[in-house]
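S.K.: Spelled out, the chains give:
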Amino acid sequence: MSEILVHVTVNGEVREWRAQPGDLLLDVLRREGYWGVKRGCETGECGACAVLLDGEPVNSCLMFAAQADGRELLTIEGVAEGEKLHPLQEAFLDHGAVQCGYCTPAMVLCAKALLERSPQPTEAEVREALSGVLCRCTGYKKPVEAILAAGEAAAKPRGKAARSGRAAR
Amino acid sequence: MFDRIRAFHRPTSVAQALRMFEAERRRGGRGRWVAGGTDLVVQRDRTLRWLVDLTRLPLGYVRRVRSGFVIGATTRMADIEHSKPLHGFADGILPEAASTCGSQQIRNMATIGGNLANASPACDLAPPLLALDASVVIAGRGGRRTLGLDRFFRGVNRTALNGGLLVEIVVPAPPQAATTTWSCQKLGRLQSDIAVVNAAAGVALDARGYCTWARIALGAVAPTPLRARGAEALLVGRRFDRAAVEAAAEEAAAGVKPVTDVRGTAEYRRAMCRVLVARALEECARRAGRSL
Chain S
1 MSEILVHVTV NGEVREWRAQ PGDLLLDVLR REGYWGVKRG CETGECGACA VLLDGEPVNS
61 CLMFAAQADG RELLTIEGVA EGEKLHPLQE AFLDHGAVQC GYCTPAMVLC AKALLERSPQ
121 PTEAEVREAL SGVLCRCTGY KKPVEAILAA GEAAAKPRGK AARSGRAAR
Chain D
1 MFDRIRAFHR PTSVAQALRM FEAERRRGGR GRWVAGGTDL VVQRDRTLRW LVDLTRLPLG
61 YVRRVRSGFV IGATTRMADI EHSKPLHGFA DGILPEAAST CGSQQIRNMA TIGGNLANAS
121 PACDLAPPLL ALDASVVIAG RGGRRTLGLD RFFRGVNRTA LNGGLLVEIV VPAPPQAATT
181 TWSCQKLGRL QSDIAVVNAA AGVALDARGY CTWARIALGA VAPTPLRARG AEALLVGRRF
241 DRAAVEAAAE EAAAGVKPVT DVRGTAEYRR AMCRVLVARA LEECARRAGR SL
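From first to last, the protein sequence lines stand for chains S and D. In terms of my numbering, the first sequence has 116 at position 116, counting the first letter as 1, and numbering is strictly consecutive. In terms of my numbering, the second sequence has 19 at position 19, counting the first letter as 1, and numbering is strictly consecutive.
For reference, chain D alone in the conformation it holds in the complex (with noise of 0.2 Å):
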């Protein structure tokens, strides 16, 4: 399948990766880097030369820091599925999306960074590391850069990398972390299949039932996953009940441009948009001890 690449280099440091990276860049000849290879065998890309491999560096972490996380870009699914810090961080909705992300064997392959620069529309963590607004790090011949995870996705398989590397994600305390209750939601035939529809959220609730901060994020129905703005926009400010739950399902599913493919139309990835956004509200609500 692979035997016309003619090097796998196995750096140990990102500094010596990114030297690696570049040396093969400039020799010419198709590349890339590649970690848990979950994605990349499967793509049977025979015009690649060259991989740097990623497994040696130093960046398999589940870190605390004040009250967010960074997360090593190397670190696996099985591992963000077993972390018991995240498990008690935004109601565990990162480990519940890591659990789901293929079957145990790829859980022990797979990377978060892996899972984000492959840059599906379906990939299993974007949407709640949307919601929680996370960033990604990126390491190159110019030094490192922080970016938005919302303005890292390009398109279908397409980011903002360009031959960069990614190397840690970044998700900060959310801004009301004491009031607000989180949810991911995903369907797909099993659920460690890749997902028709996913998506997560994040709301704030005042004492008096008000929604004072809201993250809808959405993965599986356009070109990249997306934030849901214009749903969330419309939560905030307004008392959160079933009316409000579903007029933002109704928003999320209105902005979003579905395909229609092996495992859905785009009118049935539309019409579960509405349901999962609504699904993910309520089980928000009922994390916050509130019937809608």
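For reference, chain S alone in the conformation it holds in the complex (with noise of 0.2 Å):
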């Protein structure tokens, strides 16, 4: 059993990481640190373990850490910058979008990359960005708030964000 080496970026730092041959991205996320890579179904269902790989979202139970080699992943623990949370992140806080908290970084995970590729997104659009991560709370509509406010508020940078009522047009 010959150990390989994985050149990777982790929230922006460059990372090499000794594994086995097949380790699955995700034991070795959890085994490195990134906590915030959850562990749930392990057949690529639940999506708590999901990550942006090179900004898209992939389940990471599903991924050799082999094929991360030279990618770029973010995960939950490079959203915020130092103690300014991500603009996502206050939204789910205000929202009161997080429940138990185990599919909160995928579901935030998913909205980022879902507001790069569209800012001001539908409904229907958040409800698809978040529909391959299941809530064992059953809390859907709050996240779905949250991120329509987002992205309202990222759309005028000087106003305050819209808060609860209109947030959900």
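Derived from the structure by calculation, the hints contain no laboratory data. Since no wrong hints were added, every one of them can be taken at face value.
Okay, the calculated bits of chain D under chain S, using three or more residues with CB under 8 Å as the criterion:
#, segment
1, 28-40
2, 44-55
If you want the ones that stay clear, here's a sample from chain S, every Cβ over 10 Å from chain D, calculated:
#, residue
3, Trp35
4, Glu83
5, Gly101
Quick look at which bits of chain S chain D covers, simulated, 3 or more residues with Cβ under 8 Å:
#, segment
6, 15-29
7, 55-62
Even glycine gets a Cβ: it sits at the ideal position worked out from N, Cα and C.
Starting from the two chains in their separate frames, assemble the complex, guided by the hints.
M.R.: Structure representation (structure tokens):
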């Protein structure tokens, strides 16, 4: 069993991982301390392990660590800038969009990818972007409102973020 | 899970991939190709000892060739889903089918080649590709060969690959493209679920409303995705009306061999096969601007 080296950028930092050839990305990320990447179903259905790979959401439970070599990963740990939360994270807090929190990192990452390609998404687009992340608390409504509000807030940078009532349109 | 895998190869060319696969095969132990991993990882095969990764090969492309297309085997479902040229081809049934292949994260990983090579009876892209008379290009030690997709599937999770590498999917120009309309249908609890039944159809109608060419393909109703040739034959040369649609749907459902599993009973699948074929043909008529 020969160890392999994986050169990868995680949250903007260059990393070199020693891994086994059959290691899955989820296992290596958690071993390296990225505990915001959650272990859920391990069959690609729940989406709790989602990370952004070169900006696009993928399920880290279905990917081999070796396949991340030369790629760029973003986990929830890299979304805030130091103590300053990302507007999406603020919006999730403002809207009470966090329940048990297990699916939240994946939801925020999927939402971030969505806002980057579609800065002011429709509700249908938001729901589609979240459809690969299952919430056992059944709380999709507030995350949807939070993401729509974050999109609206970004559209008018001077104004205060649109709050709850208007956010859902 | 895969702690017994001793080698994970990452070739950057098809020739190198074939050499690595062959060297491992001679060395012994079970191994496989891997791309998106969305089927392979879930199958949890602990007998695997080596993998040859395809995600660095230059096989991610959708290219227009004459009036058809060639699609590289590692093109992801998301790329097919968002391909503008494919949206303008065959009423967009390929992007439509790709958009139902699991969640967004799955579609960002899963590839067209993996979808076909896994040979699930419910393979999302098989019915539209069979309806489009697609072929696959297989690279092996002896060079490349092209095989009709209808001869590629050999059973549940079994194909004609035999260690070869699926490198490209060829979608020819439909013979009567100007007068052909298409439809793709999938039945699942959600659109992103594994299909209970799926189907695709393409129909060419002449100015008098007669059918001059027809393709009907089905999934999840037999060990492999398949063409409903009997139903196609019923349509050609006939006036494309309600009775013709119903006769073809009946014929398609009569010719399948569905199984009972967690997603549905054989009886339900047969009934839904008839419904989906009728819906597909109705949509073809609608898209041709004809009422039945």
